[in-house]
Amino acid sequence: MSAMPGVVAINTFREAVRDRVLYNLIFFALLMIGAAILVGQISVGIERIVIINLGLSAISLFGLVMAIFIGVGLVYKEMERRTLYSLLSKPVKRWEFIVGKYAGLLLTLAVNTAFMTLGLVAALLYVSHHFQRSDGSIFIAIYFILLELALVTAFALFFSCFSSPMLSTLFTIGFYIAGVFANDIRNFGELAHKPALGAVTRGLYYILPNFHNFNSIAAAAHGDAIPLSLVGQNTLYAVLYVAVTLLASSAVFSGRNLK
Amino acid sequence: MIPRSHKRLVRVAIVGVPVLFAAIAILQMRIDAQTRAGAQEQQELMLRSGAMVKKMSLGYESLLADIYWTRAVQYWGAQLGVPHSHYGLLWPLLDITTTLDPHLIVAYRFGAIFLSEPNAGARRPDLAVELVKRGVQANPDDWHLKSDLGFLYYWYLHDYKDAAATYFAASKDPQGPSWLAFMAARISDTGGSIDTSRMIWTQIYNSTDNATTRKKAVEHLAELQATEDEHHLNALAEQYRRHFGHYPSSTRDLRDAGMIRGIPRDPAGFPYEFNTEGKSHLDPNSPIPTLDDLDNPKKQ
Amino acid sequence: MTSPAIEISGLTKDYPVGFWRKRMRRSLDNLTLQVEEGEIFGFLGPNGAGKTTTLKLLMGLIYPTSGTARVRGRSIDDVAMHREIGYLPEQPYFYDYLTARELLDYFARIFGFSAKERGERIARFLERVGLADAAGIQLRKFSKGMLQRVGIAQAILHDPRIVFLDEPMSGLDPLGRREVRDIILDLKREGRTVFFSTHILSDAEMLCDRVAVLLNGKLQGVGAPGDIVSMELHGMEILFELGDGQALPRRFADRATVTGRRCRIEVPEAELYPVIEELRRCEARILSVSALRPTLEDYFFGLVGREKTASHGVEVNAR
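Chain order of the listed sequences is R, G and E. Taken in order, the first sequence gives residues 41 to 299; the numbers are from my numbering. Taken in order, the second sequence gives residues 925 to 1224; the numbers are from my numbering. Taken in order, the third sequence gives residues 536 to 854; the numbers are from my numbering.
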């Protein structure tokens, strides 16, 4: 493994952290977590649940917005502005560029998620002054959100290899929504009692990214334990899916004529 | 001239993508196997308030209503296979659906079936009545809903007064068929009788194209027929005992005594049987549900 | 065994055009060319001739429809080839959120220089392109000329054996052009090969050992600059203003362009002084006198007129 993706990744990270939009997003996410404290005070007895629910939802939502909006420009912007010309004339392979860009954005998302997690922890401490054992599942839920973002980023990057940011955004959001409803798609086919339709929806179910796997916000809010085996399986799932997407992205991008 | 590096990557992708997808599918099956058990009832509805969902729908409430209706149907379908299911989310889902779009008639009509059905539903005719009442309020010009409401009163709640009143209200609708008025009069005269029930199910059968509803109507008609047959046979068994001093052990005894011609069979073609107290009943193998099955299912 | 620095054979590139019905437009047609080690090689042609296409093909940014090219004996697919070359894209644009120093640091990392060496090199090359004072400024605040200089710095940062420059003088003021010329000559002195494209004939004349001329994607000729285009003057251009009450001398009337009181005439070089004398006599104020050189466009215009005709002793690619 060459060091090249790492070099590209650090530059991608630098690009993201120098973008003012990012800070606005973090600001709004923290604002939302802060607002959760107020909402929690209104509804008696469920402050913690409201804060965890709202906080995790904010982390997930703003993470998604960042992953999609930065992700769709990752490759396209460099092609469009021709910043790639000088980079690719250097001994950088195209797949290294793709992997580096991906890793850079993932690093950005991880750092942001860490910041927002700090905000959530602060809000929780503010209302209950101590931690419970069951709060561990909050961190697992955040880890799952990060895995989800890893998948979404990979899709955004994939689409950004061959279409404009506008279209890529639509495709990525479409994929995300389809992935969230993957279970319903399969159930729909099974309930229809038509073997052909059932086969199609089952196929779709396994091909679409299953974001349902990663949703454990409710479990975290109710302090339910999340089985460790699920952590392992979800990690493996994300790794496999990201690998597929990056492989496809590299194959597409390596054949492209730059504008 | 495609560069070699690209060709190599494409080759890797052609092999790698299907292999990775296969691995993903296998992994997903394992995840499903682990989370399936008991997961159905744990499903969460993030928002249980229809009014809240409506506020958050940003003007797309009728589309959202369709989505929630679909979810309700899927939920009902998924719960069908779950033993001891309480269909806990069915009411909230229907509540949200009809709050989002109060004119979605299908949600009231089928929703009432899902809620009231003892075997294939939530066994909550009370909630079904509430749902359809709401539908009638939002859609006062729809006689179907009133007729459905009348049916719920009649069949599940045995509330013949309200049933007659509702059928009567339905019959006032200029669109409504003439049997509604007849039904209202019939119920107010006789209350619950086999003839009235048979008439209701016949009308239900004739007024729908929905295969499931028709099948259900046929089942009920067969069951009503069987109940009526059993009444006759019980009466004959009493006669037989007065004559021979004991109950017949089978319908063959009645035929041999010349009281009936041939062996009477239920609508599914199975001969009726007698117990030792001279009460007739269906062959245990007969597919026809008994009144008990249909009306008062044993609490599972 | 020494191979040529650049060896291009039969390089062809078609681009699809049109949205619905894709047709192919040939932007480079069967280019065969060799550049020797240590040369300064000029790649001449008007805008749209296929110069940038050729450079992008050599850099692996686009892929040829057919044909091959080798750089220092290595195929252009070979990523190792990129260690030995530097490239300045046309109208370069870099990550504008970086400072000049950060950009060079990013690229220097790619070549695996140590932190110490990176710092030392970046300072040296920023100095060399005249940006030492702007090292800490974000590139978004750079002028076009400054970006051009950063572009040159990143192209030569790693001491490449061959430097490809796409229109290196564009966007620069006269001083900047001279500095770039000096850099190119320095590179040659260090034994490096320079391959640069330009549409400005005088740049090529001053620097190049050899030039190739490209028109509509086809190679028109390769040779020493003087062989390709006559550098003789066409004549002189005089711009002057007539004094009050003065009329334009009769003998200029038919060849002068008059705008209000201002006039412009073209005269052969030999007539320059007599004409100036005459203008002085009629108290005209002379605004400027400049030499008229043939432009590349004039030359290309001539080429289009005489398709396939060998002239000026140019070896024309047989096609």
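Wrong hints could be hidden among the right ones.
[What the hints assert, rightly or not] If you want a taste of the chain E side facing chain R, the calculated C-beta under 10 angstroms gives, among others:
1) Ile597
2) Val614
3) Met616
4) Glu625
5) Gln626
6) Asp631
7) Phe642
8) Arg644
9) Gly647
10) Ala650
11) Gly654
12) Leu666
13) Gln689
14) His693
15) Leu707
16) Ile821
Worth flagging that the hints you see were computed from the coordinates, not collected in a lab. The C-beta atom is built at its ideal place from N, Cα and C for all residues, glycine as well.
Hints and how they fare:
no., hint, result
1, Ile597, "holds (4 angstroms)"
2, Val614, "holds (5 angstroms)"
3, Met616, "holds (8 angstroms)"
4, Glu625, "holds (9 angstroms)"
5, Gln626, "holds (8 angstroms)"
6, Asp631, "holds (8 angstroms)"
7, Phe642, "holds (6 angstroms)"
8, Arg644, "holds (5 angstroms)"
9, Gly647, "holds (7 angstroms)"
10, Ala650, "violated (13 angstroms)"
11, Gly654, "violated (16 angstroms)"
12, Leu666, "violated (16 angstroms)"
13, Gln689, "holds (6 angstroms)"
14, His693, "holds (8 angstroms)"
15, Leu707, "violated (18 angstroms)"
16, Ile821, "violated (46 angstroms)"
Consistency note: the structure conflicts with the earlier hints numbered 10, 11, 12, 15 and 16.
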